[in-house]
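As they're listed, the protein sequences go chains A and B. Okay, so the first sequence: first residue is 800 according to our numbering, each after it adds one. Okay, so the second sequence: first residue is 800 according to our numbering, each after it adds one.
Simulated from the structure, these hints should not be mistaken for laboratory data. Take these hints with a grain of salt, some might be off.
The list cannot tell twin chains apart, which means a pair is met if one copy fits it or any two copies do.
Derived lysine to any residue pairs resembling SDA-like cross-links, with alpha carbons at most 25 Å apart [what the hints assert, rightly or not]:
id : residue 1 : residue 2
1  : Lys942    : Gln1185
2  : Lys942    : Asn823
3  : Lys1122   : Ala834
4  : Lys967    : Asp851
There are 2 protein chains.
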Amino acid sequence: MKKIYVGLIGFGTVGAGVVKLLRNNDHLLEERLGARLVLKKIVDLDITTPRDVSVEKDMLTQDVGEVLNDPEISIVIELMGGYEPAKSFILKAMHNKKHVVTANKALLATCGDEIFKTAEEEGVDIGFEASVGGAIPVIKTLKESLIADRIESIFGIMNGTSNYILTKMTDEGNNFTDVLKEAQDMGYAEADPTFDIDGIDTAHKLAITLSLSYGGRVKLDDVYMEGISGIDQKDIGFAGDLGYKIKLLAIAIRRGGAIEARIHPTMIPFDHLLASVNGNFNAFHITCDAADSIFLYGQGSGMIPSASAVMGDLVDISRNMLKGITRRVSSRFRREGAAEDIKLMSMEDIVTNYYFRFSAVDHPGVLSRISGILGKNDISLASVIQKGRKHTGAVPIVVTTHESQEKNVRKALKEIDRLDIVREKTILIRIEDDRLR
Amino acid sequence: MKKIYVGLIGFGTVGAGVVKLLRNNDHLLEERLGARLVLKKIVDLDITTPRDVSVEKDMLTQDVGEVLNDPEISIVIELMGGYEPAKSFILKAMHNKKHVVTANKALLATCGDEIFKTAEEEGVDIGFEASVGGAIPVIKTLKESLIADRIESIFGIMNGTSNYILTKMTDEGNNFTDVLKEAQDMGYAEADPTFDIDGIDTAHKLAITLSLSYGGRVKLDDVYMEGISGIDQKDIGFAGDLGYKIKLLAIAIRRGGAIEARIHPTMIPFDHLLASVNGNFNAFHITCDAADSIFLYGQGSGMIPSASAVMGDLVDISRNMLKGITRRVSSRFRREGAAEDIKLMSMEDIVTNYYFRFSAVDHPGVLSRISGILGKNDISLASVIQKGRKHTGAVPIVVTTHESQEKNVRKALKEIDRLDIVREKTILIRIEDDRLR
Chain A
800 MKKIYVGLIG FGTVGAGVVK LLRNNDHLLE ERLGARLVLK KIVDLDITTP
850 RDVSVEKDML TQDVGEVLND PEISIVIELM GGYEPAKSFI LKAMHNKKHV
900 VTANKALLAT CGDEIFKTAE EEGVDIGFEA SVGGAIPVIK TLKESLIADR
950 IESIFGIMNG TSNYILTKMT DEGNNFTDVL KEAQDMGYAE ADPTFDIDGI
1000 DTAHKLAITL SLSYGGRVKL DDVYMEGISG IDQKDIGFAG DLGYKIKLLA
1050 IAIRRGGAIE ARIHPTMIPF DHLLASVNGN FNAFHITCDA ADSIFLYGQG
1100 SGMIPSASAV MGDLVDISRN MLKGITRRVS SRFRREGAAE DIKLMSMEDI
1150 VTNYYFRFSA VDHPGVLSRI SGILGKNDIS LASVIQKGRK HTGAVPIVVT
1200 THESQEKNVR KALKEIDRLD IVREKTILIR IEDDRLR
Chain B
800 MKKIYVGLIG FGTVGAGVVK LLRNNDHLLE ERLGARLVLK KIVDLDITTP
850 RDVSVEKDML TQDVGEVLND PEISIVIELM GGYEPAKSFI LKAMHNKKHV
900 VTANKALLAT CGDEIFKTAE EEGVDIGFEA SVGGAIPVIK TLKESLIADR
950 IESIFGIMNG TSNYILTKMT DEGNNFTDVL KEAQDMGYAE ADPTFDIDGI
1000 DTAHKLAITL SLSYGGRVKL DDVYMEGISG IDQKDIGFAG DLGYKIKLLA
1050 IAIRRGGAIE ARIHPTMIPF DHLLASVNGN FNAFHITCDA ADSIFLYGQG
1100 SGMIPSASAV MGDLVDISRN MLKGITRRVS SRFRREGAAE DIKLMSMEDI
1150 VTNYYFRFSA VDHPGVLSRI SGILGKNDIS LASVIQKGRK HTGAVPIVVT
1200 THESQEKNVR KALKEIDRLD IVREKTILIR IEDDRLR
């Protein structure tokens, strides 16, 4: 039976998962592929700490050259993460005519163009299914199944940690700080959780998804990004009253020649499939001109689920090798060749529905002054909740709007927050409703 | 630009959808594929009735030979449906070294082995994504993304018509006959709805899915099948009281060396993703040893969604052609070669939870006699609802059970239905709860 030799760079959680899967399911893989995948070397700086899987001592090395320069190794799996030296290793592997499988979303979101171009020039394959949505086959679905479709929109829950925190806050009523602490204690959140809770990780994944969907480069700085640290139990409560759940959504919507790309906490109808995505699961709701609505859900991270996606790529590349071909499918959603920048809309120009929570003194005439300013700025009200009249202190006034323009909303809130009757900065959460149907 | 010539057999709804997509998205397809897909001939017995898309007159023919014998045509799309002459046309196309794309689930479920074998022998590709789950990329996910996974279970809503009827019955409280009539009037159900409502269409799709998941042949007669025509509003109501929705599920569960394969109305927790699949949508909840839970949802049928899946196959095959290869991925979930029969478990041996609705006279001691017989047969009760005491006539006694064996259940119900205190045949609906988590 033909053997295909593989080298692994990065023996962390997912790396150990890949080693485990290659071992446990080796017979099944041979039967399905008709060839044997042989892991030859594992590179990591730490080659002494025991992992969740045991490997022969001489398989481990700290010298990346033992993988990058071994002519027998034809596929390199990069699972070390981060920008450098991961990037140099990937480029070197490609220059040495090795195919690459990676889960490195941060790197692909920032340097994807250079990496994809190098793969094209060297005529090697690159697989990155595990970089977005873990075990969910969203990359393959976009690149292959929806090949004849124009992607109209993508609404995704792409970060498990944020979704875990929001789920706990919603189900158990605890505040953000406590739930984050608990998630950190349980290993669901990093000691420095910034990447996850501020939406940066989600932005990386959205950038990759956008690149595939619209066949171009994405400037990460142009993606609007707002995290979940400002979410308050009060707003989760009001969302419930209004029939919504709050989720950190990555949103991409095609608007003629430009694309709306934004990441922020979003109120969505509680009976929508995305509202049922709980804990650290991920999901993608994709609408397109032919296939209509597609919803994909699964484990967005984790040792074995991510390894499953890596294995899918490994087999895909192996199948090419067995047929003596490469680059059967372009790395991007258009054929080989220079990519152009995708035109992203300015956040000021987007149009959506809004939830505002004003903190105002409890006076007759307050609502009239606030709604006057909203009206003046072309913002029309869909509903108003005014609860718990108090004779002293501020009361919440909750307003939802019909479709309004972000520019007008910002202008109106600036004016409202300067009013003497307003006690705290107004809370703004965007609502996606009809467009999700 | 290289041209790939395509012939279409069957100019019905999906056929017209394919023609439409090929036209509307031709630039996009060329850009993504780097080749032009040219539809050369359309075969149908009816070449005069106007379709939803207009084609040049000389593109239409009643003579299938104009497609099957045209050396320029390299891919044949079969969308006529049914067993014959569809089967002969597909085999003839393959013998003439043409690749085939089909949505014909009935044919693949019954003659798949012969068709797949012919494709292997002739060295041509066959795509059939549209045969199961319409636009949902379930076939590709099973054959490619989950290639390193052992499939543990599949719970699917695979028939849009049944799901539409059950959704309407649940939401609007109307009975089966009325909703079916309405669905027929609206074109959502066929004049002869047997295939859809009796579970036959679902069985075809489950057989194809099983074949892919476990790499063998499935004897359709061994798949247990029960349709939705016996579902009563009373049971939908009790299901709601118990926190369940009723769905027609196709179920496959791996039990050691054998597979449980069954289709029947099933009570599932109302907060499970599958319970949110409404109207004529389809969905698949797949669990596997590495990827964990994967949930795929979308349009299971319809002109343009099904055409989207056909196009995905067309491009897949075209990408092979452009690289000068065929059969990169086996038609089945194992490499080329003879398939074996998949061992399906006898329905008598399955173990699950049950819902029973007994119609008994309203007497003290009735429950004791019924539960006595259940206990004697190793069936332990999880809950009992006894509502609406009447002094005359029968009252419903609703019982749910812990895990019990079907054989014991059948024996117990036979004995209970013979009791003088029981007035009607007991209603049995299976429950899937913990295993769906």
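I want to check one pair: Lys942 and Gln1185. Are their C-alpha atoms no more than 25 Å apart within a copy, between two copies, both, or neither?
neither (48 Å within a copy, 55 Å between copies)
For Lys1122 and Ala834, with the copy left unspecified, which applies at a CA distance of at most 25 Å: within, between, both, or neither?
both (12 Å within a copy, 21 Å between copies)
With identical chains treated as interchangeable, where does the CA-CA distance between Lys967 and Asp851 reach 25 Å or less: within a copy, between copies, both, or neither?
Intra 28 Å, inter 50 Å, cutoff 25 Å: neither.
Give the relationship of Lys942 and Asn823 under a CA distance limit of 25 Å: within one copy only, between copies only, both, or neither.
Between. Shortest inter-copy distance 19 Å satisfies the 25 Å Cα cut-off; intra-copy 29 Å does not.
Comparing the model with each earlier hint shows violations of hints 1, 4; every other hint is respected.
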